[in-house]
Amino acid sequence: MSTEFSNETLEKNSNNTGLQIVKESEEDRLMTLSVGPQHPGSGHFRFTVKVDGDYIVHCDPDPGYVHRGEEKMCEYRNFIQNIPHLERPVIHDSNNITYSYSLAVEELTNIQVPRRGQYIRAIASELNRQVYTLYWLAIYGIFLGHSTMFMWPTGDRELFIDLLEMLTGARVTHAFNIPGGVRNDMPVGFSEKCLRQISYFEKRLVEYENIFYNNPLMRQRTEGVGLLTKEDAIKLGVTGSVLRASNTPYDIRKAEPYDVYNEIDFKVQYMKSCDCFARAYVPFLDMKESCYIMRQLIDKIPQSGEVRAKLQPNPKGPAGEAYRRVESGRGALGYYIISDGTPKPYRVKISVGSFRNMLALPHLLVGAKLADMPAIYWALNYWPVEADR
Amino acid sequence: MSNKGGSNLNDTKANSSTKIEPSNAQPEIKQDNVLTLEKSIVDKLVSEFGDKIKIAYVKPLRVRVEVDSSDVIKVASFIKETLLFDHAESVAGTDYPKGNYIEVVYHLGSYTRDELAAHVLALATRTSRDNSSLPSLVNIYKSVEYHERETFEMLGVYFEGHPRNDRFLLPEDWADIPPMRKEFRIKGR
Amino acid sequence: MLKDLINPTNFNVLVGKLGDVLVKALDQPLGYAINWGRIWSLWPVHLETACCSVEFGAASGPRYDVERFGIIEAFGSLRQCDLVVVQGTVTRKMAPRLRMVYDQMPDPKYVIAMGACAITGGLYIDSYNVLPGVDGIIPVDVYVPGCPPRPETLIQGTMLLQEKIKRSKIG
Ligand code: SF4
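Going down the list, the protein sequences come from chains X, B and C.
Note that the first sequence ends on residue 1841 in our numbering; no numbers are left out.
Note that the second sequence ends on residue 196 in our numbering; no numbers are left out.
Note that the third sequence ends on residue 868 in our numbering; no numbers are left out.
Incorrect hints may have been included.
Derived list of chain X stretches under chain B, where covered just means 3 residues or more per stretch with a C-beta under 8 Å from a C-beta of chain B [unchecked claim]: (1) 1522-1535; (2) 1788-1801; (3) 1807-1813.
No lab work stands behind these hints: they were computed from the structure.
Idealized CB from N, CA, C, for every residue including glycine.
Looking at chain X on its own, in the form it has when it is part of the complex (with noise of 0.2 Å):
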């Protein structure tokens, strides 16, 4: 039987039993594979790629994982009762997220916030800002393989979210911006502890970089690795450190400083290699930077006042609309909310840096080989929490 086994007999025989003969072509060469999201590069995101041999010639991102409709929530709840679940997206990097809330709020409702508060709300921002870079840095060591660079950050971490415990009282939900200021005082001997605290990192930076940024293997992996080029960056409209990377000098600080920032002095971190490693290293650059803002903020600050305006209980403006951007980690991040006159907001949109990174991905990766695939995926500072809301 297996001696008349050729095509021919087949075609024939699978005309009678109904099977089809599959010719081979380009499709059958490409295998799909699926990222996520139990996979330890992938964090609760999936994304399917398609590989011909090395190369991704397909890339389809499935966010939606953590979607816990955050945006029809602000409906039933008051602009107050809004902050704790709207800081939970990037609970890392609490006290960006509900700044850019706050500051739209403010717009319709009408509060002024006292100096104090501004500067306080400055200061808790740089800190969370340092917390959230330093937890990307240490994924992005893992990613990598460099498993130091995971230890480190995390431990240096610590010490940041130690401060921002001893302002807030709590390790990473804070809920401490309001509309109106800050929830609270600074605690005595806050101001001596922070600048004790960024003298020392300041120091840990330089080890960094020689450890990991002039670490050989990990300038192979990450340089000239998926490169976005200005006008790509532009095209797609991706934001924070990954516009930075692409020759954009582009910063919400410096572009439409809030509150207190157009009296602060720091310059905006940017490079023009356009590759991973710029990606990964502007927000090292940013960090830097924010511990001279820091010092800054610390040395400004007035020495009193009230920290935040007298609310009424259910603080509500006339019927409008306000769209209010601060810089975030992740890039811009920006609240429309339209008020219809009720304390609960009509419809909040909260715009966020790792959603609109997001349509860099497939961009990127088509082309690029499948090694390549994590040190561009976290390169591109996408947190998957905050894309679903």
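Take the given structure of chain X and dock chains B and C with the ligand to it, following the hints.
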């Protein structure tokens, strides 16, 4: 604007915004440019499109333009090519059951023109609730691709010309009405 | 007769039977030894479900270092894992995946529900896309409350789990 009646929410918005204006949260910026750039943007738009567009408000750093859904492509290309707002920051759909329309707002920003860096132009357009469909801006602004897809699944607005009007964030087996519609009530509320 | 006994299929059964007999005979000491081995090498699955994963990451950092309590950093393959730490909110989209991950793990397996969301739905109890507690889909051994739980709380939760394993019966 397609006047589908009952747009009173929108009218109060326009009035109140002028009331808010003198005491805006950012007085520092307002003083050194007295809305000159905003005015020039508005002038250019008005001289190009005349009464096809409606300027809802001009606030410091924020301009809101409302257009009919049939003109949105033309206006958007003009905004991109002439005014150089080169990317979209967010696309927000809002449901107004009282006026029986859904409003989609594109927030456009600019990376290329330095003096526009702080400005956001809100381009608003409307569609009816029952047969919601709008022309997609994805060929003009590539950056709206995922935002429009999200708007489709959250509000059920079909974007003509969009490569994928498809489920995005919701579970694969979502069989309810789109959740951001106002008649979708969440548990126990 | 003898041939029948030692052919390859029967052989496994025979060894299994022998093991059962041994376990019965040596129940106390052997069970203790096996449980002792289990509690010091708990491998968590690398499945993050929501924001509590940040604190889980912090717990494996140098300050809290859960490895000294026998929780190894989450990097094993699914087939080698015996612990699921449900790190927060389980959405309707994640729920089938979580169940699938749980089903693929070999016995014995343990579940820690971390955070208010995993216990009852927490802050998101009225959201349209969130399960009200993970115990509806997988059996939970230890609940660790908090939003997010501090790493110390997580460590205490895992120590409770170890206590539970130590007292469980083998076979
Ligand atoms: S318990 Fe709190 S921190 Fe944990 S997943 Fe839920 S909301 Fe996030």
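Quiz item: Checking against the hints above, which ones are violated?
Solution: Result: no hint breaks.
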